[in-house]
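Protein chains: 2
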Amino acid sequence: MSVTDYLRQNRQKHLDELFDFVRIPSVSAKSEHRDDTRRAAEWLADRMREAGLTAVELIATTGHPIVLGEWRGAPAGAPTFVVYGHYDVQPAEPLEEWKSEPFEPTVRDGRLYARGSVDDKGQLYLHLKAVQAHLETNGTLPVNVVFVVEGEEEVGSPNLERFLEANAERLRCDAVMISDTTMFAPGLPSITIGLRGMAYMEVRVQGPAVDLHSGAYGGAVVNPANALARIVAQLHDADGRITIPGFYDRVAALTDAERAQIAGLPFTEEGLREEVGAPALGGEKGFGALERIWARPTLDVNGLLSGYTGEGAKTVLPSKAMAKVSMRLVPDQDHREVERIFTDFVQSLAPAGVTVTVEALHGGAAWYAQPEGPIFDAASRALARAFGKEPVFIREGGSIPIVEVFRKQFGAPAVLIGFGLPGENAHAPNEWMSIDNYQRGAEAIALMYEELA
Amino acid sequence: MSVTDYLRQNRQKHLDELFDFVRIPSVSAKSEHRDDTRRAAEWLADRMREAGLTAVELIATTGHPIVLGEWRGAPAGAPTFVVYGHYDVQPAEPLEEWKSEPFEPTVRDGRLYARGSVDDKGQLYLHLKAVQAHLETNGTLPVNVVFVVEGEEEVGSPNLERFLEANAERLRCDAVMISDTTMFAPGLPSITIGLRGMAYMEVRVQGPAVDLHSGAYGGAVVNPANALARIVAQLHDADGRITIPGFYDRVAALTDAERAQIAGLPFTEEGLREEVGAPALGGEKGFGALERIWARPTLDVNGLLSGYTGEGAKTVLPSKAMAKVSMRLVPDQDHREVERIFTDFVQSLAPAGVTVTVEALHGGAAWYAQPEGPIFDAASRALARAFGKEPVFIREGGSIPIVEVFRKQFGAPAVLIGFGLPGENAHAPNEWMSIDNYQRGAEAIALMYEELA
Chain A
1 MSVTDYLRQN RQKHLDELFD FVRIPSVSAK SEHRDDTRRA AEWLADRMRE
51 AGLTAVELIA TTGHPIVLGE WRGAPAGAPT FVVYGHYDVQ PAEPLEEWKS
101 EPFEPTVRDG RLYARGSVDD KGQLYLHLKA VQAHLETNGT LPVNVVFVVE
151 GEEEVGSPNL ERFLEANAER LRCDAVMISD TTMFAPGLPS ITIGLRGMAY
201 MEVRVQGPAV DLHSGAYGGA VVNPANALAR IVAQLHDADG RITIPGFYDR
251 VAALTDAERA QIAGLPFTEE GLREEVGAPA LGGEKGFGAL ERIWARPTLD
301 VNGLLSGYTG EGAKTVLPSK AMAKVSMRLV PDQDHREVER IFTDFVQSLA
351 PAGVTVTVEA LHGGAAWYAQ PEGPIFDAAS RALARAFGKE PVFIREGGSI
401 PIVEVFRKQF GAPAVLIGFG LPGENAHAPN EWMSIDNYQR GAEAIALMYE
451 ELA
Chain B
1 MSVTDYLRQN RQKHLDELFD FVRIPSVSAK SEHRDDTRRA AEWLADRMRE
51 AGLTAVELIA TTGHPIVLGE WRGAPAGAPT FVVYGHYDVQ PAEPLEEWKS
101 EPFEPTVRDG RLYARGSVDD KGQLYLHLKA VQAHLETNGT LPVNVVFVVE
151 GEEEVGSPNL ERFLEANAER LRCDAVMISD TTMFAPGLPS ITIGLRGMAY
201 MEVRVQGPAV DLHSGAYGGA VVNPANALAR IVAQLHDADG RITIPGFYDR
251 VAALTDAERA QIAGLPFTEE GLREEVGAPA LGGEKGFGAL ERIWARPTLD
301 VNGLLSGYTG EGAKTVLPSK AMAKVSMRLV PDQDHREVER IFTDFVQSLA
351 PAGVTVTVEA LHGGAAWYAQ PEGPIFDAAS RALARAFGKE PVFIREGGSI
401 PIVEVFRKQF GAPAVLIGFG LPGENAHAPN EWMSIDNYQR GAEAIALMYE
451 ELA
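Those protein sequence lines, which keep their order, are chains A and B.
Take the first sequence: its letters are residues 1 to 453, numbered as in the working numbering.
Take the second sequence: its letters are residues 1 to 453, numbered as in the working numbering.
The following block holds chain A by itself, in its conformation from the complex (with noise of 0.2 Å):
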């Protein structure tokens, strides 16, 4: 029996147990749901066991448990792959939001409605029956497979990179596969090749001592709000490129062939402004939506916050103000630079009267992988037959952290086959996942391994 075969077979027997999967509440975020969390936890490796892999195991961290599971019967010189997923899941909050409950999964439209649907246990578990399917059906699989799922993703994997570094040694893999994202459109199988990196920095202006009556002293004294909005607006030009000197230094231009991918993928700026509801989209001259999205770095204003902003008029000239300022960076950009920079920036256009501190929260690196090789290969043509169609190389704007922290680990490349579909409520109520995706999702993994047979 092909892998296709057996995957078909059991169809109705995967979804059951994605049901029962997702019936347990393992919100991470939640301690009133730390037994539930757990119990997910040892509902995935009674799993893992019955897929028939070998030293599956709890590893305690200071939160909820990473489940390990491997199966390590390829011949000697096969690759190893490790599969990475999580087994906990976002609030459900708002309840009444939803039209369905949130851990009964409900059937509606080809879709499973049910927190965790798609975020990440539907796309994880499809990674189990694929493995299962050659384990069931061959009884071996071309390359050695560990399973590494975490149960703190959504609570910003305290406890992941910690336990990579002291587990290297086991976890020395030559890819790692990743099904946390989603499909460019409907029924169009997805390679993500690119994320952005991040440098997300906090602004500080400080003015008086302590905030004035904007009456009695407003016309002598430096505005603090005032002068971090002029700060602000330095920071981009009327083309909408930014100015901080040597931002753009180590930017990779994109090639021809990029940009002509790019144009290729089935996408209209139309529907991305009706997606979210602006009276238009904006940016980076010279450049298309996505271009600018996926491949421009950019410098957004995520917070801004000084003085009175209750209800109505209150006559303050506040002592101070903050904005937080995040940039998305490209390859191949250095996030400690661009944090440098952009401080010294910022400092040079403190005004007379005020004192402006600029602190970096956060950064990391941009992501690109070359979508070449044996792995790459074999994905794209497991993905074309499930799908009936060749994949596209999409990439994300955003950032992945957990892909930066394998790739620092291991040095291996992650391989991000998404099998999420747009306006598929992630972290919103009504999460879903398209069932056609999680069978065909099961069956272009498991293809994928007969490819690099």
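Check each hint, because a few of them may be wrong.
Note that identical chains are pooled: a pair holds if it fits in a single copy or bridges any two copies.
Cross-link-like lysine-lysine pairs, in silico, DSS-like; alpha carbons within 30 Å at most [what the hints assert, rightly or not]:
1) 13 to 389
2) 314 to 30
3) 408 to 314
4) 285 to 314
5) 99 to 314
6) 99 to 13
7) 30 to 99
Simulated from the structure, these hints should not be mistaken for laboratory data.
Mind docking chain B on chain A? Use the hints.
Just chain B now, with coordinates in the frame of chain A:
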């Protein structure tokens, strides 16, 4: 016996009475002090009767009562003065910052420390003692006097305007005396002849329909916080002048005499800088700090809010951003016109990709009194006699809405003679009033009536 002798002989008695007054925690903002606030009104009414006023009554409002009392024994054709003040006080919190109990009068270094001591119980009560001095020594006054003392000044005088309208006949007057301001410097009697007006605006910028992920959308969506910063930054030019077209058209230029008068005051910019604790002063080029605060219009951000303002990093591309922006106005600007040209200009600065809404929250005219005529002359001579120094004419950068209310209702000039002092902590812990000013203030007001005779 002269009124001065009377006031000096009764100095301790009058101080003890003020002690009793400030012991009543008439905090108008707090419902738990509702009975205390009424008690203060009744206490004051009793003292009015003892002082020789007639028709003393508490006028009920939807909030705290207004205390009325009058003396109408002046010769036919004599002018009528309204003495306005308030018996309510600010909340005392934060209590832990008080060096002595806020409602237990304590004398240190010639200062009476208590909530309400200077704002406004002491400054109000000295007016009653001045009137009483005349009635007890001469049995008469050269003018009719009506005391209008409200209990809601610290909560925005919500009932006063309606009360004045409804009692316009009874309250018709030739001047309004208010002591609720400060002297320019210790020992330097001061008459306040100018207040700035105000146009308080709220600017709201809406971009996408909901908050977006700054990674997934940053670069293609116009960020409303960045857009707001650009708008605010464009409201001033490099010389600190406001760029709104037409903004300065009606601004009355400072005359050479006015500039000379301001320059003659005992003031240093370095002293102001130290007072506010900023690294430097700032503002419109070509004017000194006092000129900028008193006689030049200004534009200050009073509040800024957008996106995530908590601790740490959150990668939100905010859907909206808000700024509260108030302009202080000077003669002869029209606040309604300023509201309109501000709105038009801000709208003209809105970039594509966002929707900008501008709302006028609160506005009022500037006020400027030519310090001429018999009332100002009498007040000046009286202050010189009581303090041994010629009074100065000063302005305030802020607004006192009640002045405008009286002007509108009665067309009466306001005579603002403050007996507070810089640093008196009127709305802060450790509020105090100079006991010497309390005494000399009563003498000055009594002498003013003498001068008017």
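Is it within a copy, between copies, both, or neither that the alpha carbon of residue 408 lies no farther than 30 Å from that of residue 314?
-> between (51 Å within a copy, 24 Å between copies)
If the cutoff is 30 Å on CA atoms, where do residue 314 and residue 30 land: within, between, both or neither? Let me know, please.
-> between (37 Å within a copy, 19 Å between copies)
Indicate which option fits the pair residue 99, residue 314 if close means a Cα-Cα distance not exceeding 30 Å: within, between, both or neither.
-> between (42 Å within a copy, 28 Å between copies)
Intra- versus inter-subunit Cα pairing at 30 Å for residue 30 with residue 99 | within (22 Å within a copy, 44 Å between copies)
Should residue 13 paired with residue 389 be assigned to within, between, both, or neither, using CA atoms and 30 Å as the limit?
-> Only inside one copy: residue 13 and residue 389 sit 27 Å apart there, 98 Å across copies, limit 30 Å.
Using 30 Å as the alpha-carbon threshold, which applies to residue 285 and residue 314: within, between, both, or neither?
-> between (39 Å within a copy, 27 Å between copies)
Within, between, both or neither, where residue 99 and residue 13 count as close if Cα-Cα is 30 Å or less | Close inside one copy (25 Å), not across copies (74 Å); limit 30 Å.
This entry satisfies every hint, going by the numbered hints stated previously.
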